[in-house]
Amino acid sequence: DAKTTQPPSMDCAEGRAANLPCNHSTISGNEYVYWYRQIHSQGPQYIIHGLKNNETNEMASLIITEDRKSSTLILPHATLRDTAVYYCIVRVPYTGTASKLTFGTGTRLQVTL
Amino acid sequence: DSGVTQTPKHLITATGQRVTLRCSPRSGDLSVYWYQQSLDQGLQFLIQYYNGEERAKGNILERFSAQQFPDLHSELNLSSLELGDSALYFCASSDGPRGNEKLFFGSGTQLSVL
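So the sequence lines, in the order shown, correspond to chains A and B. Residue 46 in the working numbering is what sits at position 46 of the first sequence, and the numbering runs on without skipping anything. Residue 212 in the working numbering is what sits at position 99 of the second sequence, and the numbering runs on without skipping anything.
Derived by calculation from the structure, the hints in this document are not laboratory data. Fair warning: there could be bad hints in the mix.
[Stated by the list, open to error] If you want a taste of the chain A side facing chain B, the calculated C-beta under 8 Å gives, among others:
| hint | residue |
| --- | --- |
| 1 | 39 |
| 2 | 40 |
| 3 | 42 |
| 4 | 43 |
| 5 | 44 |
| 6 | 46 |
| 7 | 102 |
| 8 | 103 |
| 9 | 105 |
[What the hints assert, rightly or not] Derived Cβ-Cβ restraints for the label pairs, each shown as a range:
| hint | chain 1 | residue 1 | chain 2 | residue 2 | range |
| --- | --- | --- | --- | --- | --- |
| 10 | A | 80 | B | 193 | 22 to 30 Å |
| 11 | A | 25 | B | 180 | 37 to 45 Å |
| 12 | A | 76 | B | 178 | 38 to 46 Å |
| 13 | B | 131 | A | 80 | 37 to 45 Å |
| 14 | A | 39 | B | 172 | 19 to 27 Å |
| 15 | A | 15 | B | 176 | 43 to 51 Å |
| 16 | A | 81 | B | 141 | 27 to 35 Å |
Ideal Cβ placement from N, Cα and C applies to all residues, glycine included.
Only chain A is shown next, with the shape it has when bound in the complex (with noise of 0.2 Å):
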């Protein structure tokens, strides 16, 4: 499985674009990029998700560079209801009898006024 890296923490202010960097140096051809995040002991949501293309919703924006080995997700105007836990996952490769999201660390994104 391809492993990704997050900081730990990140801090954004009110109404700034809030942009959380991923690496996934080992990620290979067919595997797709997912963005989850969790606020406070809640259900993990899902926000985005990506295989090369640069991805938008209404929520955020996937950025994933041409070799693929990074990502940034951008929420363009962070709110306080923004602070939670975001996970970026390299999603396993669907093999036709199993699939599964690996959940890491994740990075702690505070916002503030």
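With the hints as your guide, set chain B onto chain A.
What follows is chain B alone, placed relative to chain A:
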């Protein structure tokens, strides 16, 4: 609201006991996943079921077992409980398995073993 329902929200029991955690997936979802989250281990994948059949196993102890019923709800049974089993247990569902499905998580069951 993710649409995934877990009961009970809190469970307090004693060592050596057996408990059952219940999960109802989102309407239409065929896959159910169980995860355990403890303070020192983070989120650990336990097991996945798809349409009643076991599809993947993670770090699930032999004292733990799960099943998915014909109506697609799932139960996680934890037996011979130890203090170290105290954790948050999450259920998630998806319409998979496919290569890139999203998981929708419930709000969890907080298990305290005293």
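Verification of the supplied hints:
1. Nearest Cβ of chain B to the Cβ of residue 39 of chain A: about 11 Å, over the 8 Å cut. The hint is violated.
2. Checking residue 40 of chain A against chain B by beta carbon gives a least distance of about 11 Å; that is not within 8 Å, so the hint is violated.
3. For residue 42 of chain A, the suggested interface contact is upheld, since its CB lies about 6 Å from the closest CB of chain B, less than 8 Å.
4. Taken as an interface hint, residue 43 of chain A checks out: its beta carbon lies about 3 Å from the nearest beta carbon of chain B, inside 8 Å.
5. Because the closest C-beta pair between residue 44 of chain A and chain B is about 5 Å apart, less than 8 Å, the hint holds.
6. Annotation: residue 46 of chain A was flagged as interfacial toward chain B, and the flag holds, the nearest CB pair being 4 Å apart, inside 8 Å.
7. For residue 102 of chain A, the interface hint holds, since its Cβ comes within 8 Å of a Cβ in chain B; the closest pair sits about 6 Å apart.
8. Annotation: interface hint on residue 103 of chain A holds; nearest CB of chain B at approximately 4 Å, less than 8 Å.
9. With 8 Å as the threshold, the beta carbon of residue 105 of chain A comes within range of chain B, its nearest partner Cβ sitting at about 6 Å, so the hint holds.
10. A C-beta distance of roughly 43 Å is found between residue 80 of chain A and residue 193 of chain B, which places it outside the suggested range of 22 to 30 Å.
11. For residue 25 of chain A and residue 180 of chain B, the Cβ-Cβ distance of about 39 Å falls inside the hinted range of 37 to 45 Å, so the restraint holds.
12. Separation of residue 76 of chain A from residue 178 of chain B is about 44 Å and conforms to the stated range, judged on CB atoms against 38 to 46 Å.
13. Separated by about 41 Å at the C-beta atoms, residue 131 of chain B and residue 80 of chain A satisfy the suggested range of 37 to 45 Å.
14. For residue 39 of chain A paired with residue 172 of chain B, a C-beta distance near 24 Å keeps the hint of 19 to 27 Å intact.
15. For residue 15 of chain A and residue 176 of chain B, the Cβ-Cβ distance of about 49 Å falls inside the hinted range of 43 to 51 Å, so the restraint holds.
16. Range check, residue 81 of chain A to residue 141 of chain B: about 28 Å between beta-carbon atoms, so the 27 to 35 Å window is met.
Figure legend: structure checked against the earlier numbered hints; hints not met, in rising order: 1, 2 and 10.
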